[in-house]
Amino acid sequence: MSEVVVRVENVTKEYAMGHTVVKALRGVSLEIQRGEFLCIAGPSGSGKTTLLNLIGCLDKPTSGRVVLEGRDTSKLSAKELAWVRRQRLGFVFQTFNLVPVLTAYENVELPLLLLGVGTVERRRRVHELLEALGIRDFAHHRPDEMSGGQQQRVSIARALVTKPALVLADEPTANLDSETGKAIIELMHDLNKKRDTTFVFSTHDPKVMERASRVVQIRDGLISSSETAM
Amino acid sequence: MWVFLKLAARNLLRNKRRSAITFVAIGLGLALVLIFYGFIQGVDKQFTDDFIKAQTGHIQIHAQGYREKARLMPLDIAIQDFETVTRRLKELPGVRSVAPRIRFPVVVSTGSESIGVLGLGIDPQAERDGIVATKITQGKYLSGERGYALIGTKLADDLGLKLGDLLTLMATTARGALNAIDVEIGGIFTTGYSQYDDSILILSLADAQRLLRMSGQVTEIILMLDSTDQTERVARQIQQGFSEDGLEVQTWQELGAAIFSLLEARRQLMAILSMVVILIAALGIVNTMLMSVFERIREIGTLMALGMTPGEIRGLFLLESAILGAAGGLMGVGIGGALLKYFSVVGLTITQASQFVNLPIGTTFYAEFSWGMLAMFFVFAEGVAVLAALYPAYIASKQEPVQALRHA
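Read top to bottom, the protein sequences are chains A and B. All residue numbers for the first sequence refer to my numbering, where the first residue is 174 and numbers rise by one. All residue numbers for the second sequence refer to my numbering, where the first residue is 69 and numbers rise by one.
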């Protein structure tokens with residue numbers, strides 16, 4: 174378990190907010206190993222979402238480098254970044270973000286269609302994941318016909334279907350009741366173990382942090398501690 | 069890619085009312101423009117055909133110098149040995165009929181009354197399908213027998229003449245002497261064109277030549293062709309083949325230049341009106357697509373996170389508009405096409421038209437209908453829809469994933 178998936182090297186990120194410059198990250202370095210179930214924790218405004226966005230190739234650092242599977246992503250164009258996300262990353266959002274006009278099945282299938290995976294393989298993978306996540310019965314429901322927990326399961330299936338190097342989940346339980354949130358974290362943990370999928374998620378819920386293999390605390394744009402669970 | 073089409077189509081159905089309004093706007097706008105266009109094409113074609121048939125023929129030939137003085141109807145600028153010229157013209161490919169004529173001012177005297185009218189000496193055989201021959205309402209058309217004349221209904225009424233009455237015709241000969249002959253009214257015609265019915269007297273060419281002492285001569289030769297499209301080609305052939313004969317050749321376009329430039333101006337006016345209608349429909353599309361983009365900023369962020377490139381996002385919105393354009397286009401072409409087809413067969417009758425417009429045109433207007441025209445307008449609607457979506461699609465593709473995902 175020593176293969177590095179992502180290396181964050183002394184990354185800073187500044188935003189212009191009106192006339193002031195907000196320093197969201199002030200020099201963060203971090204290595205994420207394959208198979209980790211990593212939690213980035215911290216109060217809101219600490220910079221954890223910014224860090225997650227940089228790792229997820231949704232944004233570019235002001236300085237420093239983000240190296241994903243040996244490739245420096247800070248130099249890539251918008252189109253190249255899109256391809257990196259498509260092929261190597263999966264996303265789970267706080268607000269689920271399913272495509273409203275597509276059914277659960279179609280939402281999970283979408284990333285495979287973008288990758289040009291053949292029909293038979295596509296169907297096999299989508300069904301397998303819907304089954305594994307216990308949402309097979311909702312395959313032909315649209316997002317507005319499902320509960321929050323069900324939607325989040327669909328979105329996890331969507332994130333996993335391309336077998337990405339890394340799944341990023343920004344506060345995946347924040348919009349769920351504690352019972353459902355716990356179930357979602359257990360599910361992700363389970364998938365991490367069984368499929369050896371690397372997860373990076375953010376939270377400020379101590380109950381959720383407990384499940385992580387490592388917790389990175391972030392505060393005022395800097396990593397304040399990094400603890401590996403026993 | 070199929071998935072983009074599915075996404076685009078479903079997104080259009082998401083806000084059914086808005087899509088429907090835009091769809092109807094495109095459809096009705098297109099139908100309107102199509103009907104405009106079809107009617108103008110039809111009426112112009114009809115007008116042109118009428119103009120050629122009743123006024124000019126496809127090509128007119130005169131002796132050199134005649135046109136310049138045409139208003140005076142000079143008899144001394146005549147085509148010599150017209151029978152040879154006529155025979156040679158008939159041999160040209162595409163020529164349907166060759167009609168030699170003499171055009172001259174003539175005084176018609178009934179004994180109690182005299183009136184100056186336009187005299188036309190024609191070859192009865194050559195013009196047996198012409199506008200006058202086919203509109204004889206009393207008596208019969210010229211048979212070639214000498215001493216008969218044809219006049220219009222209106223002229224007959226004005227002079228109190230009826231079939232079989234005798235007239236004395238007086239005219240100045242080509243050499244300037246006065247001459248007169250007597251003729252009998254052999255037929256009365258009603259063409260519907262006032263310049264024919266009010267003030268033309270028609271004689272056989274032989275009688276006219278006798279009256280004017282112009283044996284073997286005519287002042288003009290009118291050519292009708294198999295098809296109007298061949299006019300230029302035949303005119304060129306005549307210019308080349310008859311260059312040593314001292315003839316002037318004019319096509320219907322040249323002869324009716326003033327009227328046709330009027331038609332052209334009207335066409336341009338209609339084109340501008342059409343552009344306004346299209347612009348309004350296009351703005352409707354721009355609005356619909358912009359609203360659709362702004363409502364879906366976060367969804368755009370999600371799609372970007374899933375790995376859609378800016379180009380694909382752009383394509384998605386263009387495709388939505390293209391589907392809207394195709395649907396509206398089908399509706400427009402359907403409604404417009406059906407109406408045009410109907411009006412191309414049944415026609416639109418405006419009973420008062422010919423009283424207001426003293427142009428040689430009937431009172432029933434036929435629209436032009438062709439499948440090619442429908443296809444052209446469909447493609448046009450599709451093009452406008454895609455063009456109108458360029459800006460909204462650009463806005464969508466320029467979203468930053470992080471900001472878009474954070475969008476409320």
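Just so you know, these hints were derived from the structure itself, not from any lab. Be a bit skeptical, because a hint or two may be false.
Said to hold, decoys possible - With a Cα cut of at most 27 Å, we get these calculated BS3-like pairs of lysine-lysine:
id : chain 1 : residue 1 : chain 2 : residue 2
1  : A       : K248      : A       : K233
2  : A       : K336      : A       : K233
3  : B       : K158      : B       : K121
4  : A       : K248      : A       : K196
5  : A       : K233      : A       : K252
6  : B       : K466      : A       : K252
7  : A       : K336      : B       : K113
8  : B       : K466      : A       : K196
9  : A       : K252      : B       : K203
10 : B       : K113      : B       : K158
11 : B       : K409      : B       : K466
12 : B       : K466      : A       : K248
13 : A       : K367      : A       : K355
14 : A       : K380      : A       : K366
15 : A       : K252      : A       : K367
16 : B       : K230      : B       : K208
17 : B       : K208      : A       : K233
18 : B       : K203      : B       : K158
As the structure is a computational prediction, the values presented were derived from the model and not from experiment.
Here's how the hints hold up against the structure:
no.	hint	result
1	A:K248 / A:K233	8 Å, holds
2	A:K336 / A:K233	24 Å, holds
3	B:K158 / B:K121	18 Å, holds
4	A:K248 / A:K196	21 Å, holds
5	A:K233 / A:K252	13 Å, holds
6	B:K466 / A:K252	11 Å, holds
7	A:K336 / B:K113	67 Å, violated
8	B:K466 / A:K196	24 Å, holds
9	A:K252 / B:K203	75 Å, violated
10	B:K113 / B:K158	26 Å, holds
11	B:K409 / B:K466	46 Å, violated
12	B:K466 / A:K248	18 Å, holds
13	A:K367 / A:K355	18 Å, holds
14	A:K380 / A:K366	19 Å, holds
15	A:K252 / A:K367	33 Å, violated
16	B:K230 / B:K208	13 Å, holds
17	B:K208 / A:K233	95 Å, violated
18	B:K203 / B:K158	25 Å, holds
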